[in-house]
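Asker: Here is what each chain is made of, one letter per residue.
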Amino acid sequence: MSKKLSALTMMLIVLFSSVFFLTSCKGKEEKPAEPIKFGGIWPLGDITGDQAAKAAQLVVDELNANGGLMGRPVELIVIDSELNPEKGAAAVERLATVEKVDFFVGGMSSGVHLGQIPALKKYKKVTMWTGAASSTAETAVGEGQDWYFHLHPWDYNQGNSYVEGWDDIAAKFSNISIDRWFLAYEEGPFGSASFAATQTLFSDMEIDGEAFQSAALGGGDYTAVLQRAKDYNPDVFIWAGYAADALPIMEQAKAVNFTPPLFIGAPPGWPSDFGDSALAENVTLYGMWAPSISKVSAVSKKFQDAYEAKYGETPATYFAPLGYTSIEIIAKAVEAAGSVETEAVIKALKAIQYESPLGETISFSPSNVISNQGFRNQKILQWQNGNQEVIWPFEFATAEPAYPFTR
Amino acid sequence: MSELRTENLTISFGGLTATDNVNFNIKSGEIVGIIGPNGAGKTTLINLIAGIYYPTSGKIWLDDKDISQIPAHERSALGIGRTFQLIHPLEGLTVLQNVMTGFLFAQKMGLKQAREEARKLCRTLELTGLDRATGEINILETKKMEIAKALATNPKVMFLDEVMAGLNSTETLEAIDIVKQIAAERNLAVGVVEHVMGVITKLTHSVIVLDTGRIIAAGPYEDVAQNERVKSAYLGGGV
Amino acid sequence: MNKKKIYTIAGISAALILSVILLIIRPTILVYGIQRAGIYAAIALPMALVLGIVHIVNLAHGEMMMVAAYLSYFICTTFGIDPLVAAIPTGIIMFFLGLIIFKTSIAHTLEAPELNQLILTFGVAMVLSQSVNLIATSQPRKISLDYVSASATIGDVSFGIYDFIFPVLAALFLAVLIYFLKKTRLGKAASAVGQNPRGARIVGINVDLTYTIIFSLASMIIGVFGSFFITKFSIFPAVGGTFTMKSFALVAMAGIGNLPMVIGASLVLGLAESLVMSVPHGAGWSPMIFFGLIIIVILSRSFRSKQ
Amino acid sequence: MNSTVQKNKTWPVIFGILGVIVMILPFFSGPYIQSIGRTVITYMILAISWDMLIRSGQLSFGLAGFFGLGSYAAVLSAVNLHFNPFISIVFAALVAGLIAFLVGAVVLRLRGMYFAITTLALGEIFRIIIHNWTSLTGGPNGKLLPKLAFDGASIPTYAMMVLFALIIIALSEYFKRSRIHYALTAIRDNEIVAKSSGINIYKYLLIAFTVTAAIQGAAGAGFAQLYGFVTPESSFNANYTLIPLAMTLLGGMYSTWGPVIGAVLLGVLGEFLKLYIPYGHLVVYGIIIILVLLFMPWGIVGMAGRLLKKGESHE
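Residue numbers (our numbering), protein chains in the order written: chain A, 1 to 407; chain B, 408 to 646; chain C, 647 to 953; chain D, 954 to 1268.
Be aware that one or more of the hints could be misleading.
Listing some non-contacts, in silico: residues in chain D with all C-beta distances to chain C over 10 Å [as the list claims (entries may be wrong)]:
hint, residue
1, L1034
2, M1066
3, I1082
4, I1154
5, Y1155
6, P1250
7, M1256
8, R1259
Under the rule of at most 20 Å between Cα atoms (straight-line distance), these lysine to aspartate or glutamate pairs were calculated in the EDC-like manner [unchecked claim]:
hint, chain 1, residue 1, chain 2, residue 2
9, A, K332, A, E313
10, A, K122, D, E1126
11, A, K122, A, E343
12, A, K302, A, E99
13, A, K37, A, E335
14, B, K515, B, E533
15, B, K527, B, E481
16, D, K1100, A, E143
17, A, K347, A, D146
18, B, K519, D, E1126
19, A, K310, A, E335
20, A, K124, D, D1104
21, A, K124, A, E99
22, A, K350, A, E99
23, A, K295, A, E313
24, A, K332, A, D168
25, A, K125, D, D1104
26, B, K609, B, E592
27, A, K301, A, E355
28, B, K527, B, E592
29, A, K230, C, D854
30, A, K121, D, D1104
31, D, K1129, B, D538
32, B, K515, D, E1144
33, D, K1156, B, D471
34, A, K172, A, E395
35, D, K1129, B, E498
Everything labelled a hint here was simulated from the structure, so no lab data went into it. Think of the CB as a built atom: it goes at the ideal place given N, C-alpha and C, for glycine as much as any other residue.
Please model the entire structure based on the sequences and the hints provided.
Answerer: Okay, here's the thing in structure tokens:
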């Protein structure tokens, strides 16, 4: 065997071993005043995860500026899920065993979450999840998991919320008719679940739907589905897709001359410049939060101001206030419990009444499967003069609905 | 004792007839030259017999079996061996492994036996350095390897397609001796495509002359060389 | 050659007959089908050019289009000009960006196995999309334009007419490319290189330079298309990925080196997809059309060539 | 000079020892490293299977398709037929292999880019069918596995994956050392020559295609058993095609150890970069791929072989 060969072998061995030692040793050095650790997992490459992580860091900074939590500093370690289940699961393992965090926060995308649930179940640390709407994920978590707290509404929560909302609106504004529905849904899990939920929930009404390929997944041509909708002539037209579909759908709807009385968009987030377009006017939307809520909620205003002051940008998705909530609600529970022990924190969380930056005050209660569900309600909003105004629930309403939708 | 016989063998590509009603035969122990100008259809004829192409019409008989419709790898196993005009060593394999392929697949031997047989065959051809890559051997060695590869399939009929091309005169003489010796030892029927007429005269018992896919003459080379049609074909073909 | 012509004629007439039937049953299917085909063809043509002459499969094709779209977007928002005007500067910038990408990376792998170019361009695609993600975030962007909603009404059918700009653009690209390849000295040299690089080198054509120019030219076309792209679509860092695949598939359907057939393949695909999508609840299966057609076309071609 | 002939006998041994060390190390580490290890092995298996087919010159883009098919076969068989985890993995391999065998009859007529694009299209067709066949597959929302292999315990599942990897490595080495190696290499180098040596091209391509598809299906089943769910989006993710390809090229093609080393390096590197560069680590990852291809076009194994050759000739 040549010298070069053995040298190379040695080098490779050293390289590999050092890789493993580095990864396993990092984080073992203990600091004198041991911080309370939060482990966050979001897709940092996506604006939702990015802003959620930033908002979460904001709470941590605020807590530390006020002397920490129970006199201990607070630390947030965020790992990128890369929107990949395996990476998301590995992040859970790392946060639990290497970083030894006290709490898990994070979440965006049901697919990633499905991959993480087995790992989360292994550690049973208090977990405050900001994402995953698919009820498949709820089934995967299963019953009797007291440590699991889910902030984001499940798909059926959202559906129920719309039924309630539209019944309220139709009752209050007699000119608004909601008898005939057409749902254009992107063909992925997000859109299909929306369609399935809407179909069951609005079963007493006339309802039809058609799938389309979202621009986010390589599509972007909506003419066929719009044509179908137009032929159906609905009172309410909803599209459930992604932000990338928002403006092109409006443009193509105009091109095919499709103007339903209610034009609703239900993407998880809107492009920041959507309001700048004239086509946005009077488009109704579903969402958990909009910057305009700061007009009616002091908590939301405080959050929004702090976020803008720290990062110099407006939070564009509801994942920002959700990320904020995920940390702050645990921090409040820890204070109430006076301990970071899982049992005590769970008890405190179950009892908490939390004024969230999304507007409403929430508490946890069982949903279909899991024990601790936070938010259930969606809001119905409308683009008016370039802003998202809340039209339902009426307690947060910032404007009256404009009806019918015209151009 | 074997015989290969073609019967009105014809193939056309698009509108072009590359082999046109060719009838010829070779018997064990015979060495037949296949000559003709460039583009006469010599290599096409070999490809037809080896099964690279299937004929448009006509038949190929190996002894009493019509092999014209069976796939190339089966013909190889039945006893049709060949070398290639443009040499294509299997670059991913060593010299020995190249030779082993025929034993392994055409003769369906096991690895160990194939290795021994390949070594033995190479020894008879005086081919050494068998663990080298095919890119590392010289021309004569490459040609020997090609012949060994063809022999490894245990052919009854073997076609050598310009196997002497690129060799210098001493190497050519050596190669001629090898071919003659092999053909005699194994009682092979051999078809030889060559451009160098010196090789043809030294090596073959008889020749067939192809022009534009057709046989225009057949017989001992000395006779055929006097044939007017052959002369004009070569002149027309520009050789 | 003769047979090829027959197949071409048969294909075109089949498409025509289908079109007429569609026009009678449901005119919008035809309209949207042609518009879709225009988009497909316009983005597939530069890939066909690169594949036909430089013989590389550029997996960063769609990502380059995405970069061009962002460039155009920023040019538009910074200088307040229309994307269709921004197509010119974008095209020029993309020419040089293509030149840089080619010279610094792809050119060094031309001698290596085909696969290496594949992975290399995969790396380039990754760098491009992730860099844009860092700079511009994953937030989708779209310039709001009034004219894209331009509409025509025939009888009781209304449809968008702006999208006809894509078939026009595709035809323009094709015309320019064919003129370039058939009439200019450089283009003729490039065709020769495409058919036989070794031979071209022997007769004294500077093959490396030709490759560079063709790749840059294709990048320029991608750049121009990128500007048109933002008029209709939202852009975000991952927007280009699917176009690599679609372009590649279309080129494979058309046959490598056959630029006009790219239009034919796009038409077949656009119309077929449009037809399936007009069937109620057929949209979920429309991607099947895409992949099914690719397989059918490729297989039938392979059978034909075997005979 | 030809890089594809491997005559050196010491390298495989060294890579083998190294590989075993790398695979054993995580047993002495925590669940995090083991979870990385499981992912690396999943990709390693895919990379080896891809290499096993490319040895015949056929470039497959169908990895994600068979991977997804396998993961669905595993979950659906576990849910509906109550197969235990191991049987479900074997079943998935059989399903993927059988489908490959059937489509292989047609697809294996194609070569080069046409073969590549057709395998990609096939994978997409599998995905679309599963996406739309909601009654069986759960449609876009996917399906859950009622019970994970070993209840998801870290060390046994890692051991299962190591065993899986060893089986595939052994299979790949068998391919390297048996007559299949001669057939596939000959087909890659020159099909006409291969035929003339009596090689039944179609038969050997079909063997390679079926076996590698079965491996990919088994890898998908392994994934499903580890994470307990399938969805069309995650199970048919294009990453399962592209990343193994990049790993093989980095490590070196036409060998068992190239994919192994490539998978370990890229897998560990990806995770590392993420920890130190939370934003933009994928840019760095891409740059590394480019640099490797520009400066080490034969991969690490090929490069090492060359270095070694030079070293020997100087002694």
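Asker: If a hint holds in the structure, say so; if it does not, say that too.
Answerer: Hints and how they fare:
Distance check for L1034 (chain D) against chain C: the nearest CB is about 27 Å away, which clears 10 Å, and the non-interface claim stands. With a cut of 10 Å on Cβ distances, M1066 (chain D) falls inside the contact zone with chain C, its closest approach being about 6 Å. Not every CB of chain C lies more than 10 Å from the CB of I1082 (chain D), the least distance being 8 Å, so the non-interface label is violated. For I1154 (chain D), the requirement that its beta carbon stay farther than 10 Å from each beta carbon of chain C is met, with the minimum near 14 Å.
The claim that Y1155 (chain D) is not at the interface with chain C holds, since no C-beta of that chain comes within 10 Å of its own (minimum 13 Å). At roughly 4 Å, the least C-beta separation between P1250 (chain D) and chain C is not larger than 10 Å, which violates its mark as non-interface. In this structure M1256 (chain D) is separated from chain C by more than 10 Å, as the shortest Cβ-Cβ distance comes to about 13 Å. With a minimum CB-CB distance of about 14 Å to chain C, R1259 (chain D) clears the 10 Å threshold, and the non-interface call stands.
Between K332 (chain A) and E313 (chain A) the CA atoms are separated by roughly 27 Å; this puts the pair beyond 20 Å, and the hint is violated. In summary, the hint linking K122 (chain A) to E1126 (chain D) is not supported, as the alpha carbons are separated by about 37 Å, beyond the 20 Å threshold. Between K122 (chain A) and E343 (chain A) the alpha-carbon distance is near 16 Å, which keeps this suggested pair within the 20 Å criterion. About 31 Å separates the Cα atoms of K302 (chain A) and E99 (chain A), which puts this hinted pair outside 20 Å; it is violated.
Note on K37 (chain A) and E335 (chain A): the hinted pairing holds, with a Cα-Cα distance of about 15 Å set against a maximum of 20 Å. For a cut-off of 20 Å, the pair hint linking K515 (chain B) to E533 (chain B) is broken: about 25 Å separates their Cα positions. As the CA atoms of K527 (chain B) and E481 (chain B) are separated by approximately 24 Å, the hinted pair breaks the 20 Å bound. Simply put, K1100 (chain D) and E143 (chain A) have alpha-carbon atoms about 15 Å apart, close enough for the 20 Å limit, and the pair holds.
Between K347 (chain A) and D146 (chain A) the alpha-carbon distance is near 9 Å, which keeps this suggested pair within the 20 Å criterion. At most 20 Å may separate the alpha-carbon atoms for a hinted pair to count; K519 (chain B) and E1126 (chain D) meet this at roughly 17 Å. Straight-line distance between C-alpha atoms of K310 (chain A) and E335 (chain A) comes to about 25 Å, which puts the hinted pair past the 20 Å bound. Taken as a hint, the K124 (chain A) and D1104 (chain D) pair is honoured in the structure, with Cα atoms around 15 Å apart against an allowance of 20 Å.
The suggested pairing of K124 (chain A) with E99 (chain A) holds, with an alpha-carbon distance near 16 Å, which does not exceed 20 Å. Restraint check for K350 (chain A) and E99 (chain A): the C-alpha separation of about 26 Å exceeds 20 Å, so the hint is violated. Between K295 (chain A) and E313 (chain A) the CA atoms are separated by roughly 18 Å; this keeps the pair inside 20 Å, and the hint holds. Using a Cα cut-off of 20 Å, the hinted pair K332 (chain A) and D168 (chain A) is violated, with the two alpha carbons roughly 34 Å apart.
Under the criterion of a C-alpha separation no larger than 20 Å, the hint pairing K125 (chain A) with D1104 (chain D) is consistent with the structure, at around 18 Å. Distance restraint check for K609 (chain B) and E592 (chain B): the Cα-Cα separation of roughly 18 Å lies within the 20 Å cut-off, and the hinted pair is therefore satisfied. The straight-line distance between the Cα atoms of K301 (chain A) and E355 (chain A) is roughly 12 Å, inside the 20 Å bound, and the hint therefore holds. About 15 Å separates the Cα atoms of K527 (chain B) and E592 (chain B), which keeps this hinted pair within 20 Å; it holds.
Of the supplied pair hints, the one linking K230 (chain A) and D854 (chain C) is violated, its CA atoms being roughly 55 Å apart against a limit of 20 Å. Distance check on the hinted pair: K121 (chain A) and D1104 (chain D) sit about 11 Å apart at the alpha-carbon level, within 20 Å; holds. At roughly 17 Å between alpha-carbon atoms, K1129 (chain D) and D538 (chain B) fall within 20 Å of each other, so this suggested pair holds. Between K515 (chain B) and E1144 (chain D), the direct Cα distance comes to roughly 18 Å. Compliance with the 20 Å bound is thereby established for this hinted pair.
Taking the CA atoms of K1156 (chain D) and D471 (chain B), the gap is about 27 Å. The hint is violated against a cut of 20 Å. For the proposed pair K172 (chain A) and E395 (chain A), the alpha carbon gap of about 13 Å is at most 20 Å, so the pair holds. Only pairs whose Cα atoms come within 20 Å are accepted, and K1129 (chain D) paired with E498 (chain B) is accepted, the gap being roughly 15 Å.
The structure fails to meet hints 2, 3, 6, 9, 10, 12, 14, 15, 19, 22, 24, 29, 33 from the earlier list, while all remaining hints are met.
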